[in-house]
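Starting from the structure of chain A, add chain B where the hints point.
Number of protein chains: 2
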Amino acid sequence: MKKYCFGIDVGGTSIKCGLFCVDGTLEEKWEIPTNTENQGAAILPDIAASIQAKMREKGIAKENVAGVGIGVPGPVNKDGEIPRAVNLNWGYKHISKEMEALTGLVAKAGNDANVAALGEAWKGGAAGASQVILATLGTGVGGGIIIDGKIVSGAHGAGGEIGHANMEPEEPESCNCGNHGCLEQMASATGIVRLARQALKESGQDSLLRKGEVSAKAVFDAYKEGDALADRVVERFAAYLGRALAIFACVVDPEVILLGGGVSRAGEPLVQAVQREYKKAAFSPCKDTPIKLAALGNDAGIYGAAKLVC
Amino acid sequence: MKKYCFGIDVGGTSIKCGLFCVDGTLEEKWEIPTNTENQGAAILPDIAASIQAKMREKGIAKENVAGVGIGVPGPVNKDGEIPRAVNLNWGYKHISKEMEALTGLVAKAGNDANVAALGEAWKGGAAGASQVILATLGTGVGGGIIIDGKIVSGAHGAGGEIGHANMEPEEPESCNCGNHGCLEQMASATGIVRLARQALKESGQDSLLRKGEVSAKAVFDAYKEGDALADRVVERFAAYLGRALAIFACVVDPEVILLGGGVSRAGEPLVQAVQREYKKAAFSPCKDTPIKLAALGNDAGIYGAAKLVC
Chain A
625 MKKYCFGIDV GGTSIKCGLF CVDGTLEEKW EIPTNTENQG AAILPDIAAS IQAKMREKGI
685 AKENVAGVGI GVPGPVNKDG EIPRAVNLNW GYKHISKEME ALTGLVAKAG NDANVAALGE
745 AWKGGAAGAS QVILATLGTG VGGGIIIDGK IVSGAHGAGG EIGHANMEPE EPESCNCGNH
805 GCLEQMASAT GIVRLARQAL KESGQDSLLR KGEVSAKAVF DAYKEGDALA DRVVERFAAY
865 LGRALAIFAC VVDPEVILLG GGVSRAGEPL VQAVQREYKK AAFSPCKDTP IKLAALGNDA
925 GIYGAAKLVC
Chain B
625 MKKYCFGIDV GGTSIKCGLF CVDGTLEEKW EIPTNTENQG AAILPDIAAS IQAKMREKGI
685 AKENVAGVGI GVPGPVNKDG EIPRAVNLNW GYKHISKEME ALTGLVAKAG NDANVAALGE
745 AWKGGAAGAS QVILATLGTG VGGGIIIDGK IVSGAHGAGG EIGHANMEPE EPESCNCGNH
805 GCLEQMASAT GIVRLARQAL KESGQDSLLR KGEVSAKAVF DAYKEGDALA DRVVERFAAY
865 LGRALAIFAC VVDPEVILLG GGVSRAGEPL VQAVQREYKK AAFSPCKDTP IKLAALGNDA
925 GIYGAAKLVC
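Residue numbers (the working numbering), protein chains in the order written: chain A, 625 to 934; chain B, 625 to 934.
Just chain A, with the same shape it has in the complex (with noise of 0.2 Å):
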């Protein structure tokens, strides 16, 4: 059996790139800058260059390399094509390929998010699950759902985009992607602020809330120290996204359900938040279905790539 792989993720400033054991253990990491002029064309290059430094760095030899898993923000398909990666500056790209010809390696891609869900199922929060949805609360709500211990890309890249599930049809302001109700207009850092401004607008009552910049932070923060009114934002974005949880749970029935991304570093009170709401609305067999913090961070990425490869 080969000894190491190297799982590589493509942010829009700097790729993450791990060393890793095939058993999953990390050996090494480090970043490189994301070069993005002329439609990204030195980023594929670029990576190749340092994995081929380390290798030599290390004195490890090619035969002893399952491989390279790359992730990226875009919807790769299952073959380890895009069609374009707005962020990279990139338009259609048959990644795995242009990979396997730069380093001789074999190289598998997969979308970001899709990824990071997939090294939280082997090494992180769900260690150990094969069945597992991970949403991810960041500026936006993005996520990855892992069906059999691999990564469901769907037919378009779109699986796992669980951000743009219409929660709220009524709602009269309309999402990045065009739509009404989606569940990042809740549930995502900036959807958790909106629903502040909100409820301060709606209500003269005191509030931790208007003495600093409304974040989620704040809200979390304030929600910790019993604010009411940070308690109703709090509760109305449990109530979108545990509801949204156990209908994604009447779907694939995982075994494990991760938050991640910046909002979910509110930890366990948004945790628990969470669970009760999703618990009222979840259908019997999956009312007991776990709800846990991802564990890998940013590392997230860079564990489910080279998981890609081994």
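Since the hints were made in silico from the structure, they are not lab data. Be a bit skeptical, because a hint or two may be false.
When chains are identical, the list treats them as one kind, so a pair holds in a single copy or across two.
[What the hints assert, rightly or not] Once the Cα atoms are required to be at most 30 Å apart in a straight line, the calculated DSS-like pairs of lysine-lysine come out as:
1. Lys-678 <-> Lys-640
2. Lys-774 <-> Lys-911
3. Lys-702 <-> Lys-916
4. Lys-721 <-> Lys-774
5. Lys-702 <-> Lys-627
Just so we're clear, the structure is a prediction, and the values are computed from it rather than from any experiment.
Just chain B now, with coordinates in the frame of chain A:
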């Protein structure tokens, strides 16, 4: 390669049996009664005897049979075990193991709605697709999810239990499952009747639906006649179902969505109403996902059961 396989669909009153070629050609089908006495102890032996009689009749040697697939009304796990099946009076049963012992053939088992989805993905309305959502609109709403050509049975056998997706948390009436606002309460035959009765009560408007028994069929018949009240009922049904399907598509992004079950006999007008509402709520990459009628009717179960073993 072995030439034949059997597909068995166990219902509460009768058991449908099919002899198939492994390429999916149905050679012969027949039914036997379901004997639910003595905790349904005779059900699997009766099936085994019927299979063995058919093999003798046709001169089919055991060596030429790929196996027996069985669909059962209840939560079958991926090892072929079931904790109970109320309609069959079964307690815990290791279906596949018992059937293997009875017949000496390879046996696999699955939930009947999931197995029907597999049949439709193999030889029915979604023939050739490997990512499918089937919504079965009958007395209740069931379903099945196919990913990479395989059933998603889920951690608690609740994969594809889309009838219990919580679409309307404010719904005052309760679903059979105990929750409030399940899709089944709006999109099953009984759900449509419920919506129609509400509409008849709330409005004094004249309607064809005031002239006979209110059934799902009567609602769609009146809708096709241009009846304004039936139109509102169908729009409401379609808004719930279309939005639910759009949410499910954010999770697994299927190639095709199928509508089956008795309600789907309303045909193309139903499909068009659902497609219209689906499109409003769907995430952009999934807006053009085709919604089609299931094609195998009551035979979907035997086809899918056969596919379990070939």
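Each hint, compared with the structure:
no. : hint                : in the structure
1   : Lys-678 <-> Lys-640 : within (13 Å within a copy, 61 Å between copies)
2   : Lys-774 <-> Lys-911 : both (24 Å within a copy, 25 Å between copies)
3   : Lys-702 <-> Lys-916 : both (28 Å within a copy, 25 Å between copies)
4   : Lys-721 <-> Lys-774 : both (20 Å within a copy, 27 Å between copies)
5   : Lys-702 <-> Lys-627 : within (25 Å within a copy, 32 Å between copies)
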